[in-house]
Amino acid sequence: MGDWIIAFVCLIVIFMCLAPMLTLLSRSLSDPRSLLRNEVTLLPKGLNFNAYQTILSDSMYTRSLVWTAILTGICMALSMFMTTICAYPLIYDNLKGRRFFNAMILFTMYFGAGLIPNYLLYNDLGLLNNPLVLIVPNCLSVFNVIIMRSFLFGIPDSLRESAEIDGAGPIRVLVNIYIPLSTSVIATLTLFYAVGRWNGYGDALFYMFRNRDYYPIQYLLYNIISGMQNIDPGQTDIPMGASDTYKAASVMFATVPILMIYPWLQRYFIHGVTLGSEKG
Amino acid sequence: MKKALSILLAATMLAVLLAACGGGGDGGGGTATPPPSNNTPSGGGDTPSGGGGGGEEPSAPSPYEAEGLYWNEETGTWRFTDTRKISVEVFDRGLEDDRTKPEDCHWSKWIEEGVKRDLNLEIEWLTVPRFAGGGEAEIIVSMLAANDAPNVCYTYNHDAITEFGARGGVLDLIPYVDGYRDLLPNLWGLLGEDAVYAARDPEEGHLYWLEAVLFNNARIGTFVREDWLNKLGRSAPTTTQEFEDMLVAFKDNAELLLGADANMLIPFTMSDDVGWRANNLFVSFVPDAITDKELYINGYDDRQFMLPGYKEGVRLLSKWYDMGLVWQDFSTRGAPGETFEDNNMKAGLAGAFIGNWDYVYRQGDKSIQETMKAESTAEAAFIAVDCFQNDAGKYRKFISSRVGDRKIFLPYNNPEPLASMLYVDWVSRDDVRKYLQIGEEGINHDVMDNGAIVIKSAAGTPYIQNGPFNIDYTITFNGSGQIDAIDPVISGLSMALGFAPIDPSYIARAFEYAINDGRIAPRPNFGAIEAESGMANPLKSKRDTLLNQVVNAPLADFDSIWDAGWRDYLNSGGQDIIDERTAKYEKYIG
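As they're listed, the protein sequences go chains A and B. Position 71 of the first sequence, counted from 1, bears residue number 71 in my numbering, the numbering being contiguous throughout. Position 550 of the second sequence, counted from 1, bears residue number 550 in my numbering, the numbering being contiguous throughout.
If you're looking for bench data, these hints aren't it; they were derived computationally from the structure. Just so you know, not all the hints are guaranteed correct.
[Said to hold, decoys possible] Simulated restraints, written as ranges between beta carbons of each label pair:
| hint | chain 1 | residue 1 | chain 2 | residue 2 | range |
| --- | --- | --- | --- | --- | --- |
| 1 | A | Phe8 | B | Gly259 | 40 to 50 Å |
| 2 | A | Asn48 | B | Asp449 | 39 to 49 Å |
| 3 | A | Gly112 | B | Asp98 | 34 to 44 Å |
| 4 | B | Gly259 | A | Leu43 | 17 to 27 Å |
| 5 | A | Leu24 | B | Asp98 | 23 to 33 Å |
| 6 | A | Thr54 | B | Asn450 | 31 to 41 Å |
| 7 | A | Asn48 | B | Gly460 | 58 to 68 Å |
| 8 | A | Val13 | B | Arg234 | 45 to 55 Å |
[Unchecked claim] Listed below are several chain B residues computed to face chain A (Cβ distance under 7 Å; list not exhaustive):
| hint | residue |
| --- | --- |
| 9 | Gly94 |
| 10 | Pro129 |
| 11 | Ser142 |
| 12 | Phe340 |
| 13 | Asn343 |
| 14 | Glu375 |
[To be verified] Coverage of chain B stretches by chain A, computed from C-beta distances (three or more under 8 Å per stretch; other residues unrestricted):
| hint | segment |
| --- | --- |
| 15 | 145–151 |
| 16 | 346–355 |
The structure presented is a predicted model; accordingly, all values stated were derived computationally and were not measured. By construction, the Cβ of each residue, glycine as well, lies at the ideal position given by its N, Cα and C atoms.
Same shape as in the complex, but just chain A (with noise of 0.2 Å):
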């Protein structure tokens, strides 16, 4: 019986996480008529795929997909090269002014600066309007350096101790030692890194405002969805009673591309969790 509640319990979660998106799904494949009649709910009235072959055709909606995927791929890199190699040496007791750096670190955790500081500091390093102000500022996250860290302090120190004992010098440990065991923390992070790299718009609408070319593919969602909020008299084709099927047909092909990333991680996460306690 207790089995029965905790999976009708579930069930009623899931449900919740997935209806908004089934929506938003049904609306991109529902027929105009019927989303003027606000008729649409879970499933398409009227199937047709009209609003995703205006957007596969638009070029612009592509070349952002792709480079949003290229951005992703080297901000995920990147971000966790850089958290690995941050949060490593801090789980050494023995690292000389280690209490420093870990204020120091914590410190750009609580205070931020701001928008118009930022923009001073990036004007005068010459990112703004640059692709790598999309990748540079954000490719570390104190919060994901003290997650790592925290996890690294779990692995007994006695793997470390008999690596050194080997020969094995700091850099070693970390690539034969501390990164194996540490699969499911690192695709936990890679997971962040990626969905806050896909999802984020912020740093283009300010930074990277003149740069069309690199305009990532939520940047570019916002414009179409603020622009059909502001559609200009006699200035569009689209038909108005479309713009809700395309809004929601953007959304979607925006969204799609990192949901399929999650089952790929999930392996690792498994994968992680298993080696972890055939070590322990």
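Chain A is already provided as a structure; the job is to place chain B on it using the hints.
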């Protein structure tokens, strides 16, 4: 090993900085040159000889020689002897829907060509996203801080420009508008004294921005389904009671009006912007005898929320809501940007609404009206009505002031203030404004036999206007649906015809009713009101929350909810604004 670890950690941090320093150079975008236009301003199609370069010798001594200007007989303008260069802000509305790059399109090039020829001025366009999180001002403030702002800027944000001025971020324009008045005949001609000096500080005398002007001051109209009135044999309502009776009749005759969809009928639809979407009803409860002083003192809110009598209008709407006459989901599904509420109209399910005077007619063949015809019945049409009378029997509305919309300013570090002002003057010229508004004949508009100008969509051509009527370039003049630099009668005809295929009589009626008995709230310039600084969003939020709560709540709870909300509004800054406005009014006017 400790040393190695320390170095590793330090290297991590250094790497971030070095990587950042490695950036440089804009990616920039390619350009697509639109076909050349022979419709250049004042030049009749040809660029005057010598217009392409600087360094011309003046033909006669110039009273403005010290400023580097000479009178050019050919162009009939004061022109710089040496080429000057300024940067000008232009809104970026995105490239979707066939829009072109605002900094590199037919219109930007046409302006560049014109100012080069007439003023010997080169333009660099600097785009600013129109739809940034908090509006364009959020970006501009960063650019001002970074000495990176365009030489000529504009914003709609009154709070922001007041803040820029208070912090010394913008130039005082008085030395230019007064000192070079003869050089700015078009600016003075278009704006007039009232607009030019509208933002002048009454005590210190500085002028941090120029107010653009509006031609069309219609704001809000009331609309009902004409075909439903005909089906029910009713005439258009002319009083508030008749309007209510009409809504009841729509509800009671749902089967006759919508057949199988009867249960979906919505007598009166609105969004959660209650203050706007029921404005004509609410302000009809404001006493007609209200003085200019009272209007000013209580006039901070742009939905007239603080005016006396307003509460009774809200009470009536709340009663209609309880009677099932108002869309029951307006608070939860009627957020701006959501389309559910528009859909009520497009699907032909709504019987009446209050909103922008031309809302259902905008976009002509793609308008709500035409979509509704296609989706419901060919007879479906919204027609304007004027029915909310005040205590003096007038159909009072508060219409837009001619002055006080877009604000044009020059950043404090502008190296070319005179050239910038000459540019502002140049875009204020009648011929420049007219061409930017209506564009090319046959592409952007057609001319009827009676002289009326019918605007057409230029989508898919290089002549597409990224903003309606190119309002992003005609910076001293704002508002769509209006052509100002032509005969007023022709302008009226043109406006009515500008919504084809919608019958012009609908437009003319909507416009007439929207300004009928209209009153412009006074906007005396008493300088900055300190209490208003930073209060726009918090007070707007409190207003909207209260209006939504009180309309949704049972009528029996109306007074308690309203009174509590109103007290909260006043305590949250509303009272301070009233007090300061009162003090200023009494100080300057009495």
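Subject >> Numbers of the earlier hints that this structure fails to satisfy, in rising order >> reply: Hint 7 alone not satisfied by this model.
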